Amino acid sequence: MTTPSAAKTTYREAMRAALREALQRDERVFLMGEDVGRYGGCFAVSLGLLDEFGPERIRDTPLSESAFVGAGIGAALGGMRPVVEIMTVNFSLLALDQILNNAATLQHMSGGQINVPLVIRMTTGAGRQLAAQHSHSLEGWYAHIPGLRILAPATLEDARGMLWTALEDPDPVLIFEHGSLYNLAGVLAEDAGAVDIDSAAIRRPGQDVTLIAYGGTLGKAMAAAEELSGDGIEAEVIDLRTLRPLDDATILTSVTASHRAVIVDEGWRSGSLAAEVSARIMEQAFYDLDAPVERVCSAEVPMPYPRHLEDAALPQVPRIVAAARRTVG
Amino acid sequence: MLLIRQFEEKCVELYSASEIRGFVHLYIGEEAVAVGVNQALGPDDAIVSTYREHGHALARGIPVESVMAEMYGKATGCSHGRGGSMHLFDVARRFYGGNAIVGGGLPLAIGLALADRMRGQSRVTACFFGDGAVAEGEFHECMNLAALWSLPVLFCCENNLYAMGTALARAQAQTDLAVRAATYGMPSWPVDGMDVVAIEQAACRAAEAVRSGAGPHFLELRTYRFRAHSMYDPELYRDKAEVQEWKRRDPIEALAGRMRAAGEIDDEELAAIGSDLAGQITRAVEAAAAAPLEPVEDLTRFVYSPRSS
Chain A
1 MTTPSAAKTT
11 YREAMRAALR
21 EALQRDERVF
31 LMGEDVGRYG
41 GCFAVSLGLL
51 DEFGPERIRD
61 TPLSESAFVG
71 AGIGAALGGM
81 RPVVEIMTVN
91 FSLLALDQIL
101 NNAATLQHMS
111 GGQINVPLVI
121 RMTTGAGRQL
131 AAQHSHSLEG
141 WYAHIPGLRI
151 LAPATLEDAR
161 GMLWTALEDP
171 DPVLIFEHGS
181 LYNLAGVLAE
191 DAGAVDIDSA
201 AIRRPGQDVT
211 LIAYGGTLGK
221 AMAAAEELSG
231 DGIEAEVIDL
241 RTLRPLDDAT
251 ILTSVTASHR
261 AVIVDEGWRS
271 GSLAAEVSAR
281 IMEQAFYDLD
291 APVERVCSAE
301 VPMPYPRHLE
311 DAALPQVPRI
321 VAAARRTVG
Chain B
1 MLLIRQFEEK
11 CVELYSASEI
21 RGFVHLYIGE
31 EAVAVGVNQA
41 LGPDDAIVST
51 YREHGHALAR
61 GIPVESVMAE
71 MYGKATGCSH
81 GRGGSMHLFD
91 VARRFYGGNA
101 IVGGGLPLAI
111 GLALADRMRG
121 QSRVTACFFG
131 DGAVAEGEFH
141 ECMNLAALWS
151 LPVLFCCENN
161 LYAMGTALAR
171 AQAQTDLAVR
181 AATYGMPSWP
191 VDGMDVVAIE
201 QAACRAAEAV
211 RSGAGPHFLE
221 LRTYRFRAHS
231 MYDPELYRDK
241 AEVQEWKRRD
251 PIEALAGRMR
261 AAGEIDDEEL
271 AAIGSDLAGQ
281 ITRAVEAAAA
291 APLEPVEDLT
301 RFVYSPRSS
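Going down the list, the sequences are from chains A and B.
Take the first sequence: its letter number 45 is residue 45 in our numbering, and every next letter is one higher.
Take the second sequence: its letter number 242 is residue 242 in our numbering, and every next letter is one higher.
Because the hints were derived from the structure by calculation, they are not lab data.
It should be emphasised that the depicted structure is a prediction, and the values quoted were computed from it without experimental measurement.
You may find that some hints are simply not true.
[Said to hold, decoys possible] To give an idea of the chain B side of the interface with chain A (calculated C-beta under 10 Å), a few residues:
#1 V48
#2 A92
#3 G111
#4 A113
#5 E294
#6 R307
[Stated by the list, open to error] Using C-beta positions, here's what the derived DEER-type ranges look like:
#7 B:F23 - A:T256: 41 to 51 Å
#8 B:F23 - A:R325: 53 to 63 Å
#9 B:E19 - A:H144: 31 to 41 Å
#10 A:P62 - B:A173: 15 to 25 Å
#11 A:L63 - B:R249: 41 to 51 Å
Just so you know, even glycine gets a beta-carbon here, dropped at the ideal spot from N, CA and C.
Construct all of the structure, not just a fragment, from the sequences and the given hints.
Here's what the structure looks like:
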């Protein structure tokens, strides 16, 4: 339903609007990364911003992930509010040293003398037949690291609103944008703005089973919930939104009411974020469970190129539905 | 220089007595570099350092008591005891830490310099690193980026000829590091790293150029570590004769000799300085030993910034 105060947009446009607003509101903000300027961004998120803000603030970098991520950390220490874009999570591994050993660690090593108000955005996830070096979901690794805040916007509202809140955070925030979401279209209130980056959200209420998803798997969990509803099973769908720190309260409130949980996570199953969520449910709600916690994760294989194998490797709606059915017996 | 030398000699004693632990990388022999470069820096300039940074910290003016307490892991240490020998920080003095990932400080330095440039501040960031860092990909990335963006960084390469136990010639096809740096399009020159006056002159000249907007400059400071890589190693990788040869060029002895010859100092005055410094260090040790530890209840402090909510 379109109202006069709402407009059609896409996830990509919502991200761009968030960047534009941040650049307008705070002169300390600048965007830096590979092809963010003249090319317009690998996924066209920053298209047009170079003309609007100039090359000092929409700063193309060489293919030097470690140097420009570390320079973002240094610039944050120097009083700026950098937004660093890394093309994909796989490339971020070239900057992992800077992210872990500096961004996440400097505050502690310095005894609290410094903090790193840096935002790093990157694309994550599969589904576009980009094979094994452009398709992984490694946000769970980053969510392992104390000192970082990890976000996974899955909706237009969060694509529009998380960036500003992240920029106001005194500590490093990593935003993982699932590559399949950029063309997500819908209606967004024209006054949409900053959103919280602390809590999970209930995207669909239900009482029979809790489906816990984030980022690129939220849509699949919602589709599974619709299908289950046709069978009389009402699933509650939680969008984690913030992967570190996890919002235990929202998860546990839902699971203690539904007594069943299915976690949907595009990361590899072993050592996944889903494993962490499952452990927390077991630790804090074991006696409220009527069935073992189920996990729907990616198969333990580097992402294959052909469509049928990629589909088979990823969490899909039928697997989520089947897992949910198992929990309700 | 004498303060750094005596501080570290005391650290050896304290380490042997198990008063301080962890890795302790001694700077003995290289003191002229920290002191000479610091002469070129003002209080608004920044320093990014390595894990062999006691000398840089003391030359920057971080109080001996504060550094010694950090060696002890005490709450009164310059990093609240959380960092230890390898992670000395003093942001009020714009000392952005000992970084214990070889090459890991270089991106921070160019970022600090980028912030200064974007904010229109005429400041210099001095970035110390060793010859070992030249082998890291980050070195190449940062030299290029600093030159490409004409950032106000003074790169100070402390070439002590060994990356831990690997001689420069075993690690680099081009062992002339000033030549190597020049290929990135920045002014670069070698300096006698045992001569504090030469270092001061070179650093002042370079820092002035950096400050005036001439982009990054690179100093290859040719120096030598007299002691083991960390507290103890059998030093199988270098000849004793080589160490002895370099010790004859001790930077402190060299300066003292020059000043004596010029009539600027005599043995009595030198002894008085040494004795005064020894007293300072003794008092710092006593204070550190008596200082409180961080409470265990504060274990997870300094992971995230305090929140108002």
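Q: Could you check if A113 of chain B really has its C-beta closer than 10 Å to a C-beta on chain A?
A: Hint holds; A113 of chain B Cβ to chain A Cβ min 7 Å, cut 10 Å.
Q) Could one say that the CB atoms of P62 of chain A and A173 of chain B fall in the range 15 to 25 Å? A) 22 Å, holds
Q: Answer holds if the nearest beta-carbon of chain A is closer than 10 Å to that of V48 of chain B; otherwise answer violated.
A: Status holds, d = 8 Å.
Q: Return holds or violated for the Cβ distance of F23 of chain B and R325 of chain A against the range 53 to 63 Å.
A: 56 Å, holds
Q | Restraint satisfaction for A92 of chain B [CB to CB of chain A, less than 10 Å] | A | Nearest chain A Cβ about 8 Å off; hint holds.
Q | Minimum beta-carbon distance criterion (10 Å), E294 of chain B to chain A | A | 9 Å, holds
**Q.** Beta-carbon spacing of L63 of chain A to R249 of chain B - inside the hinted bounds 41 to 51 Å or not
**A.** Holds - the Cβ-Cβ distance for L63 of chain A and R249 of chain B, about 42 Å, lies within 41 to 51 Å.
Q: Against chain A, run the beta carbon of R307 of chain B and see if the smallest gap drops under 10 Å.
A: 9 Å, holds
Q: May I ask you to test the hint 41 to 51 Å on the CB atoms belonging to F23 of chain B and T256 of chain A?
A: 48 Å, holds
Q | Satisfaction of the hinted span 31 to 41 Å by the C-beta atoms belonging to E19 of chain B and H144 of chain A | A | Given about 35 Å between the Cβ atoms, the range holds.
Q: Under 10 Å, Cβ to Cβ, is where G111 of chain B needs to be relative to chain A, so tell me if that hint holds or is violated.
A: 2 Å, holds
Going down the numbered hints, you'll see the structure goes against none, and every one checks out.
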